[in-house]
Every structure is written in C-alpha cells, then in structure tokens.
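A.B. asks: Sequence:
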Amino acid sequence: MEITANSTTDIAINVKHESTAPRHNIQSYGYITIPVFPPFDVHLDSHAGPRWTKRVTHFERLIVGMNITDATQKRALLLHYAGPDVDNIFETLPGTGGDKDYKKAVECLNTYFIPKVNMVYEEYQFRQAKQRSNENLASYHTRLRQLAKHCGFADVDKEIRTQIVFSCTSHKLRLRALREDLSLTALLEAGRVAEITDRQARDIQPTSTDQSVNALPPRSKPYPVHPDQHAPPHTPNNQRTHTHSPCRNCGGPFPHGISCPANGKTCRSCGKNGHFAKVCPSRSQQRLRFVQQILMILSKTLPILLLSTPSRLSSPPPRHPVRPSAPAPSCIVNIGGQPIFVLVDSGASANLLDEAT
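108 is the number that the UniProt record's numbering gives to position 108 of the sequence shown; each next residue is one higher, with no gaps.
Any given hint might turn out to be false.
Claimed, not checked - What follows is a set of in silico ranges between Cβ atoms, one per label pair, in the way DEER data are often shown:
1) F153 <-> F90: 23 to 33 Å
2) K172 <-> A129: 19 to 29 Å
3) P94 <-> A194: 22 to 32 Å
4) I297 <-> P339: 15 to 25 Å
Stated by the list, open to error - Under the rule of at most 20 Å between Cα atoms (straight-line distance), these lysine to aspartate or glutamate pairs were calculated in the EDC-like manner:
5) K130 <-> D87
6) K172 <-> E123
7) K158 <-> E107
8) K149 <-> E180
9) K104 <-> E135
10) K149 <-> D45
11) K172 <-> E195
12) K158 <-> E180
13) K130 <-> E60
14) K130 <-> E195
15) K54 <-> E107
16) K104 <-> E122
17) K100 <-> D87
18) K130 <-> D157
19) K172 <-> D155
20) K74 <-> E107
21) K100 <-> E122
22) K103 <-> D87
23) K54 <-> E135
No wet-lab data here; the hints were simulated from the structure. All values reported here derive from a predicted model rather than from experimental measurement. No residue lacks a Cβ here, since even glycine has one placed at the ideal position from N, Cα and C.
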C-alpha cells in the first residue's frame with residue numbers, strides 16, 4: 001500500500017487487491033479516498049486517556065470500513081492519524097515491536113495514555129452532569145453512561161439511576177422514583193411514558209388564541225377625547241397615598257415610623273421638654289395675646305369721626321376733570337382723641353370720591 005496526500009482533506013491510498021477466487025489470481029491497483037482526521041492533541045486537557053481510547057475506537061472502525069487487514073498498514077495509519085506529537089512519544093516508548101506489530105503499538109500507547117485517567121475528576125464530571133432543558137431522558141441516560149465508563153463504579157446502573165433521580169428535570173418522575181424505588185430500566189420507561197403524555201397533552205390543550213368568545217366588540221366613542229380632558233388614572237386601593245396630620249410636638253407627619261423626633265428635646269421658646277419651638281403652645285398663646293391687644297386698640301380708636309371737611313367736598317362731584325392745579329382734598333380725622341389732618345384718597349388731586357363715601 002502506498003499513501004499519498006493529494007489535498008488538505010483527502011489521502012489517496014494505493015491498495016493492492018488480491019482475489020481469493022480458487023481459479024483466478026488477479027492483482028489490481030486502485031485509489032481509495034479516505035477522510036483526514038485531525039491530529040490527536042496530547043496537551044489539550046488533563047484527561048487524555050478517555051480521549052485516546054475513543055480515538056483508537058474510531059480508527060479501528062475506519063480500517064474495518066476500508067477493508068484494511070494488513071498489520072503493517074494498520075500500524076502505519078495509526079501513527080499517521082495520531083499526529084506528530086504521538087509519533088514523537090511513540091519513538092521514546094520501549095517494546096513497541098516491529099513494523100508488523102499493530103497490537104503491540106496500540107498496547108504501548110494505551111499504557112502511556114490510560115494511566116492519566118483521573119478517577120476523581122471523572123467522577124466529578126459525572127456528578128456535575130445535569131439534564132438539560134432541551135434534552136430528553138434517553139439522551140441524558142446515554143450521556144451519563146458515557147461519563148461513567150471512566151469512573152470505575154462497581155454498579156454503573158445504580159450510580160446512573162441515582163444521578164437521574166437527583167438531576168432530572170421532571171419533578172413528578174423524581175417523586176415516583178423516591179416513592180416506588182424504581183430500577184434503572186423502570187425509571188427510564190416511566191420517564192419515556194411521562195414525556196410522551198406531556199407532549200400529547202400540550203398538543204391537545206388549546207392555546208389562548210383558540211379560546212375566543214362570541215361577544216360584541218366594545219363601542220367606540222362618538223367623539224375623540226382631547227388629551228387634556230383625560231381623567232386621572234385610577235389608583236388601586238393598596239397604592240393610594242395617605243395624608244398625614246402634623247405632629248403637635250415636632251410638626252412633622254403623624255403617625256411616626258419609629259418615634260417622635262421631639263422626644264427628649266428642649267423647646268427654645270418656653271424651655272420645656274418634649275416639643276420644638278415652631279409648635280410651642282406658649283408661642284401660639286403669645287401670638288393670640290398680641291392680636292387681642294391690637295383689636296383692643298382698634299376698638300378704642302374706631303369709629304373714625306369726621307370733624308371737618310372743606311366746603312368744596314359738600315358740593316356734588318364735578319362732571320369735568322379737575323384741573324391739576326386744584327388743591328388736594330383733605331379733612332380732619334379724630335384718631336385716639338387727637339385731631340389729625342389727612343388727605344382724602346391717598347392725596348390724589350383728581351378724586352372720584354364724593355362726600356358720602
């Protein structure tokens with residue numbers, strides 16, 4: 001067999017075919033195109049052992065499909081597909097055998113990679129595997145079984161069953177497994193039936209668009225409402241603002257959330273404790289007494305007595321405007337027992353007031 005790279009994606013193999021027919025000894029040569037595998041990345045992560053085992057499995061399926069049975073060809077293709085890093089490691093391994101020892105080459109590489117399987121890390125990966133929202137139970141079971149291959153479990157089915165009970169998305173299935181103590185087979189069957197019935201129920205259940213009601217459409221308003229005429233939005237009872245009465249001790253809103261801020265405080269107006277000066281009762285009483293004194297003074301001075309007026313005020317009001325040079329109207333008013341000379345209508349020379357006013 002001759003191997004020739006003719007492109008980035010294909011390899012041409014010149015395969016020698018020998019007929020096994022009893023009456024014929026026919027030899028022919030042909031070219032078979034096979035896909036190119038990416039090289040094996042030795043330093044990709046810390047668990048190269050499971051990846052190498054899967055790589056060997058895929059390679060052996062390939063050579064079976066290509067009907068390659070010669071040990072020399074299989075060994076050459078194994079090292080070729082493994083890549084330069086694996087080839088360099090293979091050259092340093094002892095006891096790799098000759099060119100025809102395909103099984104010996106696989107055993108040496110397995111011995112090198114498989115001890116790097118970290119059992120604790122693989123079990124951690126298994127325990128962290130949870131069912132995805134778009135993953136059915138059968139796919140989740142397959143993924144768990146793949147992860148359990150390198151965990152070294154004594155009872156794989158028991159561990160998978162426990163992980164499904166802990167991490168499945170169906171709460172009903174979890175309750176049933178805890179109540180009936182189902183085996184892994186029974187658990188998978190119950191989950192499959194539950195998924196089918198749930199899907200069928202969703203198909204049967206009408207959606208909100210199908211639940212139409214034969215009702216009359218709402219009547220439109222005859223005239224458009226101006227934006228300024230919109231009524232204020234209705235406020236729910238639980239969102240209505242509550243008005244608070246002022247506190248008589250501090251002047252703030254009452255009732256208080258915790259305690260009144262005026263507790264233990266001294267009033268600057270009266271010197272008493274328990275209230276502020278702005279709401280001091282004595283201060284209000286002082287204002288009341290002051291107003292009462294003003295009213296008392298006014299009651300003594302009122303009514304205002306008109307003692308004398310100029311003779312021109314007794315005449316009827318003029319029909320024509322008063323000349324600016326006319327003297328200002330005045331009179332004498334008795335205020336507090338004292339006659340005081342004042343100007344009528346704030347001293348305006350053109351006056352509209354008559355004597356009766």
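A.B. asks: Now, for every hint given, state plainly whether the structure supports it.
C.D. replies: Here is what the structure says about each hint:
1. F153 <-> F90: 23 to 33 Å: holds (32 Å)
2. K172 <-> A129: 19 to 29 Å: holds (21 Å)
3. P94 <-> A194: 22 to 32 Å: violated (56 Å)
4. I297 <-> P339: 15 to 25 Å: This hint holds: roughly 18 Å between Cβ atoms.
5. K130 <-> D87: Not satisfied, since the Cα-Cα distance of roughly 38 Å exceeds 20 Å.
6. K172 <-> E123: violated (27 Å)
7. K158 <-> E107: violated (31 Å)
8. K149 <-> E180: violated (28 Å)
9. K104 <-> E135: violated (41 Å)
10. K149 <-> D45: holds (18 Å)
11. K172 <-> E195: Holds, because 11 Å separates the two Cα atoms, which is no more than 20 Å.
12. K158 <-> E180: Satisfied, since the Cα-Cα distance of roughly 15 Å is no more than 20 Å.
13. K130 <-> E60: violated (32 Å)
14. K130 <-> E195: The given pair, whose Cα atoms are some 17 Å apart, holds under the 20 Å limit.
15. K54 <-> E107: holds (14 Å)
16. K104 <-> E122: violated (27 Å)
17. K100 <-> D87: At roughly 16 Å apart (the allowed maximum being 20 Å), D87 and K100 satisfy the hint.
18. K130 <-> D157: Holds. K130 to D157 sits at ~16 Å (cutoff 20 Å).
19. K172 <-> D155: Answer violated: K172 to D155 is near 25 Å, above 20 Å.
20. K74 <-> E107: Measuring from Cα to Cα gives roughly 14 Å; hence the hint holds.
21. K100 <-> E122: Violated - the C-alpha atoms of E122 and K100 are around 35 Å apart, more than 20 Å.
22. K103 <-> D87: holds (16 Å)
23. K54 <-> E135: violated (23 Å)
Checked against the numbered hints given earlier, this structure breaks hints 3, 5, 6, 7, 8, 9, 13, 16, 19, 21 and 23; the rest are met.
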